[in-house]
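Undergrad: In case you want the letters, here they are:
There are 2 protein chains.
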Amino acid sequence: MHDLIILGGGPAGMTAAVYSARKKLNILLISQDLGGQVLWTLSVENYMGFTFIEGPDLMRRFEEHIAQFPIDMRIGEKAVFVGQLDNGFEVRTESGESYQGRAVILATGKRPRQLELPGEARLQGRGVSYCAVCDGPVFAGEVVAVAGSGNSALEAARDVASFAEHVILVARDPLVADEMLVDSVKRHSKITMLLGHEIRAIKGFDRVTGITMRDLVTGEDVGLEVAGIFVEIGLIPNSEIVRGLVHMNDAGEILVNGYCETNMPGLFAAGDVTNVPHKQIVVATGEGAKASLQAHMYLLRTELLAGALR
Amino acid sequence: MHDLIILGGGPAGMTAAVYSARKKLNILLISQDLGGQVLWTLSVENYMGFTFIEGPDLMRRFEEHIAQFPIDMRIGEKAVFVGQLDNGFEVRTESGESYQGRAVILATGKRPRQLELPGEARLQGRGVSYCAVCDGPVFAGEVVAVAGSGNSALEAARDVASFAEHVILVARDPLVADEMLVDSVKRHSKITMLLGHEIRAIKGFDRVTGITMRDLVTGEDVGLEVAGIFVEIGLIPNSEIVRGLVHMNDAGEILVNGYCETNMPGLFAAGDVTNVPHKQIVVATGEGAKASLQAHMYLLRTELLAGALR
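First to last, the sequence lines map onto chains H and S.
Going by my numbering, the first residue of the first sequence is number 532, and it counts up by one from there.
Going by my numbering, the first residue of the second sequence is number 532, and it counts up by one from there.
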C-alpha cells in the first residue's frame, strides 16, 4: 500500500509529487501524460522564473524535477475508478491494474470542450488555442477568431484584442453572458461580432491560416483568413472518476476548501479539476503544493492516531 | 491615480505585478526589496522548473520577468499607511510620498521572529535558516540545532532529521505543542531535546560553526558544535499597515477567501501575509496570480458600473 496516490501529471500533480517525495512519502503517480494541458500551450509567458518558455519545454523541466526522486510512476495509464477501503483508497486503471493508497490527491485537470472540427486536433499549438490568457500575446498584430458565446469567450475576445490587430468573435448560438461584458465587447473598436455563424473547418497546413463558417441565416459558407482561433466553448473537469464520492458543483468541479481538502478525509484535490478560480500554471502548482503538505499532515495525524491506539 | 497598487515585492507581489501588467493595468509596486523572504533562503529545491536554485538567483529571475513590462516601481520604500478614498485607496510611504490606486493588493509577507542574538543577522543564509522545509535537505549528514518550543519547531526538527545526521532541539520554555507530535519527536532516534536551555550566541565567521547556550537550571554556559540552526520561534505577518481596515485572525494574518478577497471591496491580499496555509514560494506565486486576476475583474466590474451610470 502506498502512502499517497496522485492522479494526474499536470502542474498540480507534478508539484504534489515533488513536495510529497521531499517528505519521503511512498507515492505513486498515475497519469496519461506528464504535462497535462500545458503540453498543448503554444507559449508560457506568465510562469514566474521564465520570461518565455514553450509549454512542452516547461513541462520537461517539471519532469526533470520529478526525476530527482524515486517516485513510482505509471505514465500512459488512465485511472478509471477510485473507491474507499477501510484504511485508505483503491485506484483501478484502464489496463486493469489495482493500487492502494492511504491518501489520494486528485489532480486530473480539465479538458477543453472541442469544436470537433476537421483540422482542430492537428493544429493545436499551431494557431488553435484553448487559453486566451496564455497565448493572447503571441498573436500581436494578427487577425484572430474566438469561438464561443459565453462569458469566457467574450473575456477571451477582449483579452486577445489587447494584442491582436483585430478579433472576430464567432458565435453559433445567441450570447449568454453578462450584459455589461457584452456591452463592452460591442463597443470595442478591435472586436467584430459574427453571431449566427457556425464554424465548419479550421484551415492550414502547419499553421492556422483561416476558418470556414456557415451563415446560419443564408445557409452559405463563408471563408475567413485568421492566424489563430481561440476555442472558448467551455471546459470539462476530469472529475468523473470520483463522482458520487465527493461533493462537486454544477460544473462538475470538485469542491475543496483553502486546504485542498474535499469532504472525504484522505481524499484531496488540486488544480483545475477543483473549484479553485483561475486556470493558470502558477495557481495549479500552488494548489498542488498545498494538497501535498495537507495530505502529509493528514497521514501524520492518522499514523500518530494509529500509533496511539496500538 | 493608478489602477492598482501592489504592496510587497516577494513572490506573491511580483507575480501579481506580472499578471497585472499583462492585463495592461496601470500599476505601482511599492516594496522595500524585490525578493522578500526568499532573498535569505539558502537554497530552493521545491520551486517547480528549477531542481536547485539559490534563493537570490530565483528572485533575480522573477525580477527579469517584471523588467519585461513598464511597471512603475518604488523599491526601497516602505508603505506605512493605507486609507480608503471615495474612489479607491491612498497609500503613504515612510519617505512621505502619497499614492492613489483604485485597487490594492497587499503582499507584504511575513517576517520571522528572530532570536536577536549576536551573529544571527550576519549568518543568515550561511547556516542560520528560518525555513526547515526549504533548507532542511542542505544539511544532509550534518548536526544542526532547531530553536523553538512550538509545533513549528517540532515539525522543523522532524523535517530536518530526515536529512541531518542529528538534530538538537533547543527550547528555553516548556514545549507548547500537540502531544502526539511531542511524543513522535521524543521517540525519534535522530532528535535530542534540550529543554530549559537559552541560546545566547550563534558562532561562526562565514558559516555557522556552533551555538552557545545557557543551562537555565545550573546557570552555566554550554557550547555546541552545529553546522546550522533553524530558528522556529514564530512568524510575524507584515499586516500592521491595514490593521482596523480588514479582518485578521489572532495571528495578525489577513483573512481572505479563495479569491484573495478581503472583507473590503478593492482591497486584496496574497501570500504569507494572509491566512493561506503553507508558507511556500509556489503557493505564494499562485496566490499572487489569483489576487491579480481577481483585482482585474473587480476593476472591470466597477469600471463597467461607472460606465453604465454615466
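Warning: the hint list may mix true and false statements.
Heads up, the list lumps identical chains together, so a pair's fine if it works in one copy or across two of them.
Simulated crosslink set (DSSO-like; lysine-lysine; CA at most 27 Å straight-line) [stated by the list, open to error]:
| hint | residue 1 | residue 2 |
| --- | --- | --- |
| 1 | LYS609 | LYS717 |
| 2 | LYS609 | LYS721 |
| 3 | LYS554 | LYS734 |
| 4 | LYS810 | LYS721 |
| 5 | LYS554 | LYS717 |
| 6 | LYS721 | LYS554 |
| 7 | LYS734 | LYS721 |
| 8 | LYS717 | LYS555 |
| 9 | LYS609 | LYS810 |
| 10 | LYS555 | LYS721 |
| 11 | LYS554 | LYS609 |
| 12 | LYS555 | LYS810 |
| 13 | LYS717 | LYS810 |
| 14 | LYS555 | LYS734 |
| 15 | LYS609 | LYS734 |
Hints were generated in silico from the structure; no laboratory data involved.
Undergrad: Which of the numbered hints above does this structure break?
TA: 1, 2, 3, 14, 15
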